[in-house]
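For this one, chain F is given, so just place chain P on it according to the hints.
This is what each chain is made of:
Protein chains: 2
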Amino acid sequence: MTIDQTLAATAVQSWKMHLERAEKLFFGLSDAELLNPIAPGRNRLVYLFGHLLVVHDAMLPILDIGARRRPELDAPFLVEADGNVPDLPTGADLRRMWTDVHAVLNAGIDGFAPADWVAKHTLVSADDFAANPLRNRLAVLLNRTGHLAGHYAQALLARRS
Amino acid sequence: MTIDQTLAATAVQSWKMHLERAEKLFFGLSDAELLNPIAPGRNRLVYLFGHLLVVHDAMLPILDIGARRRPELDAPFLVEADGNVPDLPTGADLRRMWTDVHAVLNAGIDGFAPADWVAKHTLVSADDFAANPLRNRLAVLLNRTGHLAGHYAQALLARRS
Numbered sequence: 001m002t003i004d005q006t007l008a009a010t011a012v013q014s015w016k017m018h019l020e021r022a023e024k025l026f027f028g029l030s031d032a033e034l035l036n037p038i039a040p041g042r043n044r045l046v047y048l049f050g051h052l053l054v055v056h057d058a059m060l061p062i063l064d065i066g067a068r069r070r071p072e073l074d075a076p077f078l079v080e081a082d083g084n085v086p087d088l089p090t091g092a093d094l095r096r097m098w099t100d101v102h103a104v105l106n107a108g109i110d111g112f113a114p115a116d117w118v119a120k121h122t123l124v125s126a127d128d129f130a131a132n133p134l135r136n137r138l139a140v141l142l143n144r145t146g147h148l149a150g151h152y153a154q155a156l157l158a159r160r161s
Numbered sequence: 001m002t003i004d005q006t007l008a009a010t011a012v013q014s015w016k017m018h019l020e021r022a023e024k025l026f027f028g029l030s031d032a033e034l035l036n037p038i039a040p041g042r043n044r045l046v047y048l049f050g051h052l053l054v055v056h057d058a059m060l061p062i063l064d065i066g067a068r069r070r071p072e073l074d075a076p077f078l079v080e081a082d083g084n085v086p087d088l089p090t091g092a093d094l095r096r097m098w099t100d101v102h103a104v105l106n107a108g109i110d111g112f113a114p115a116d117w118v119a120k121h122t123l124v125s126a127d128d129f130a131a132n133p134l135r136n137r138l139a140v141l142l143n144r145t146g147h148l149a150g151h152y153a154q155a156l157l158a159r160r161s
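Going down the list, the sequences are from chains F and P.
The first sequence runs 1 to 161 under the numbering used here.
The second sequence runs 1 to 161 under the numbering used here.
Chain F extracted, bound-state conformation:
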């Protein structure tokens, strides 16, 4: 591999490691366990699970991979705070949607060459990107990896309760 290919592959590997770890945790929870909060009065595990799903779904258009697959999840898991929406999807529903969204997302990610990673993402204007070329697709991937790592670490607090 060339240097740029190795750098891109290392970042993708980090994303997938964090993703697989979170998937293992959330997929292993029963519907009852999903209702546990990460700490007293804090978000429930089901909310973090759906929140990660919707944020990753939104990566599809941001990385120009494709259209959103689950825009209907924005309301319960992004716009509204936990507790404000009475009927959340079941664990089985979330697992099915998670698998679908990440299959499409990771297929797109796996198809990116290094030049694709340093390209503009769709939320930044051409002018802003010209002024700051670090506002690229890799920055989105790394930002979402950190977001995932954060909520995973919070979820661990509940799982170990």
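Hints are computed from structural coordinates only; laboratory data are not their basis.
Only a predicted model underlies this, so the values are computations on that prediction, with no experimental measurement involved.
Watch out, some of these pointers could steer you wrong.
No distinction is drawn between identical chains; accordingly, a pair holds when it is met within one copy or between any pair of copies.
DMTMM-like mimics (lysine to aspartate or glutamate), calculated; alpha carbons at most 25 Å apart, straight line [as the list claims (entries may be wrong)]:
#1 16 x 128
#2 120 x 110
#3 120 x 64
#4 16 x 116
#5 24 x 100
#6 24 x 93
#7 16 x 74
#8 24 x 74
Just chain P now, kept in the frame of chain F:
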């Protein structure tokens, strides 16, 4: 910038963003606030602060930047769990050591060219690295960025209490 330079700079930017965010949170806490747990019965903020510091100090030899500067912090913040060591450093001590360690660490990081990032880190053998070139310095940086993001997200739970 070339593609490999942009990729490396984007990863370094992500590291520094996560670092600055955590520094702002931890540096803003009083000694009394540092003794708050992130959740009932969980690690205290002072422990997370020192733990991040010691893990980042250990990056110096792993990235081949230099020798550890604070190996004495391993006992209270890495080997022992929170609560097992009675006399922890004060907030002022931790802030001073944090600033020192990260000045050296980030000076080393800023000096890396893309080829340095895909080089072997010091914890992997030459044979293992030959078999898997993704066990490189960038993988260490991304792993530690995720670690930092996780503990930062946990610390937010205490701060907002």
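> What are the numbers of the hints the structure violates, in ascending order?
Replying inline: Nothing - there is no hint that the structure violates, so all of them hold.
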